[in-house]
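Participant: Given chain A, work out where chain B should sit, using these hints.
The listed protein sequences correspond, in order, to chains A and B. Numbering-wise, UniProt numbering puts 110 at position 110 of the first sequence, and it's gapless, one number per residue. Numbering-wise, UniProt numbering puts 18 at position 18 of the second sequence, and it's gapless, one number per residue.
Bear in mind the hints are in silico, worked out from the structure with no lab data behind them. Among these hints, one or two may not hold up.
Think about it this way: if two alpha-carbon atoms lie no more than 27 Å apart in a straight line, the pair counts; the simulated DSSO-like pairs of lysine-lysine are [what the hints assert, rightly or not]:
1) Lys189(A) to Lys55(B)
2) Lys104(B) to Lys47(A)
3) Lys183(A) to Lys49(B)
4) Lys142(B) to Lys47(A)
5) Lys81(B) to Lys47(A)
6) Lys104(B) to Lys184(A)
7) Lys183(A) to Lys102(B)
8) Lys69(B) to Lys38(A)
9) Lys74(A) to Lys142(A)
10) Lys49(B) to Lys142(A)
11) Lys74(A) to Lys149(B)
12) Lys183(A) to Lys149(B)
13) Lys183(A) to Lys118(B)
14) Lys69(B) to Lys74(A)
15) Lys142(A) to Lys69(B)
16) Lys184(A) to Lys59(B)
17) Lys59(B) to Lys183(A)
Chain B stretches covered by chain A per the calculated footprint, using a threshold of three residues with CB under 8 Å from any CB of chain A [stated by the list, open to error]:
18) 15–21
19) 121–130
20) 141–151
Even for Gly, the Cβ is constructed at its ideal location relative to N, Cα and C.
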Amino acid sequence: MAKGKNRPAAEVNSGSMADIAFLLLIFFLVTTTIANDKGIAMLLPPKPDPNEPPPEVTKNDRNIFKIQANSMDKLLVEDEPMRDVTELRGMIKDFILNFRKPSIEGKELYNSLPASLRSHVNSKGKKDNSSDEPGEAVVSFKADRGTSYELYIQVLDEINAAYNEIYGQRIGLTAEEFLQLDKKDPEQKELYQQARQGIPRAISIAEPNKIGG
Amino acid sequence: MAKFKKNSNTTQEIPTAALPDIIFMLLFFFMVTTVLRETSIMVEQTLPKSTQLSKLERKSLVSYIYIGKPTKVDLYGEQPKIQVNDVFIEATDVVRFVNQEKDKLSEVERDQITISMKVDVEAKMGIVTDVQQELREANARKVLYSSLKRLD
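With the rest of the complex left out, here is chain A (with noise of 0.2 Å):
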């Protein structure tokens, strides 16, 4: 016993565990990928009702903004050849914020708009071939079966930004921040809804013609 008393302390030699772990942290850091689950969300028009003819169109022709692609990926916008996707954000909310002839609501909405987009509406707005208020005006995109997916979510994501921009704008945000706020949390729903109030995010996507371009 007296023997032991002088033996020293046992130790595990913990030098190399920084090695171990570095070797399994590479091993997580290359076969793992992080979880990227985001993306455009939208929503998809309900089936047609076989029991009742299709809704005829009642709109106004200058109230829908139309945008085709044809299978060589060409866009035509409001029956113009247009070459640069990133014009279109600018043309939508123009076309959003027109205001030709506003009913009664349209005038509240506008009423309700923060100044800096009321001088929008006053500069740039008030056309007599554009929408008559944001709450008749619709933005359609057609596309054709040859057009390639990167120019369809090219135009779908210049649309979204160009209603977001107008949203965020509405309550003082950029449209990144529009888009980050958080619908569980009460009181950013409610900026949400505010923003959203009257100008409903009418995107129609028509159905593609079957014979390519």
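Facilitator: Leaving out everything else, chain B in the frame of chain A:
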């Protein structure tokens, strides 16, 4: 000078005893935040880039549909295909797949099912719309076009 000399006999070693702990912490972080992929994707997946991204709210309600050119071209051909879980399906089978996925959810959540479409940029709209028509048929109307963040 004398003042500096006084301290010169201190050891200059950095204690490394806490190093494993730090590394373990990093390790646990990565283990927790990452998800191992349970299905192997058999189609090419270069997701498009966009700016207006929104997050998925509830993961449990999400089902995935992958569309793209098969990676094994000699086996499956060059045409874009639709993959769910671990198999290729035709557009007409999408309804059945959605109903299967709906059965996994509880009664009240069935209508809230979200379909995340992971489509390769090279794919054409034809196949995507075919799937969308079937999704409408299956009453799974919430769709998320999965895409990456564009930095510009």
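Participant: Taking the hints in turn, state whether each one holds.
Facilitator: Structure-based check of each hint:
Annotation: proposed proximity of Lys189(A) to Lys55(B) holds, straight-line Cα distance about 15 Å (limit 27 Å). For the given pair, Lys104(B) sits about 23 Å from Lys47(A) by alpha-carbon distance, which is consistent with the 27 Å threshold. Our distance criterion of 27 Å between C-alpha atoms is met by Lys183(A) and Lys49(B), whose separation comes to about 25 Å. Restraint check for Lys142(B) and Lys47(A): satisfied, since their Cα atoms lie roughly 13 Å apart, inside the 27 Å limit.
For a cut-off of 27 Å, the pair hint linking Lys81(B) to Lys47(A) stands: about 24 Å separates their Cα positions. Taking the CA atoms of Lys104(B) and Lys184(A), the gap is near 25 Å; set against the 27 Å cutoff, the hint holds. Of the supplied pair hints, the one linking Lys183(A) and Lys102(B) holds, its CA atoms being roughly 24 Å apart against a limit of 27 Å. Restraint check: the Cα-Cα separation between Lys69(B) and Lys38(A) comes to about 22 Å, which is no more than 27 Å; the hinted pair holds.
A C-alpha spacing of about 12 Å is found between Lys74(A) and Lys142(A), which places the hinted pair at or below 27 Å, so the restraint holds. The straight-line distance between the Cα atoms of Lys49(B) and Lys142(A) is roughly 20 Å, inside the 27 Å bound, and the hint therefore holds. Under the criterion of a C-alpha separation no larger than 27 Å, the hint pairing Lys74(A) with Lys149(B) is consistent with the structure, at around 24 Å. With a CA separation close to 21 Å, the supplied pair Lys183(A) and Lys149(B) stays within the 27 Å bound.
For the proposed pair Lys183(A) and Lys118(B), the alpha carbon gap of about 25 Å is at most 27 Å, so the pair holds. A threshold of 27 Å between alpha carbons decides the hint, and for Lys69(B) with Lys74(A) the separation of about 23 Å falls inside it, so the pair holds. A threshold of 27 Å between alpha carbons decides the hint, and for Lys142(A) with Lys69(B) the separation of about 24 Å falls inside it, so the pair holds. The suggested pairing of Lys184(A) with Lys59(B) holds, with an alpha-carbon distance near 15 Å, which does not exceed 27 Å.
For a cut-off of 27 Å, the pair hint linking Lys59(B) to Lys183(A) stands: about 16 Å separates their Cα positions. A stretch counts as covered by a chain when three or more of its residues have a beta carbon under 8 Å from one of that chain; for the stretch 15–21 of chain B and chain A the count is 4, and the coverage holds. Coverage of the stretch 121–130 of chain B by chain A holds in this model, with 8 residues showing a Cβ closer than 8 Å to a Cβ of that chain against a need of three. With 9 residues having a Cβ less than 8 Å from any Cβ of chain A, the stretch 141–151 of chain B passes the three-residue criterion, so the hint holds.
The structure is consistent with each of the numbered hints, conforming to all of them.
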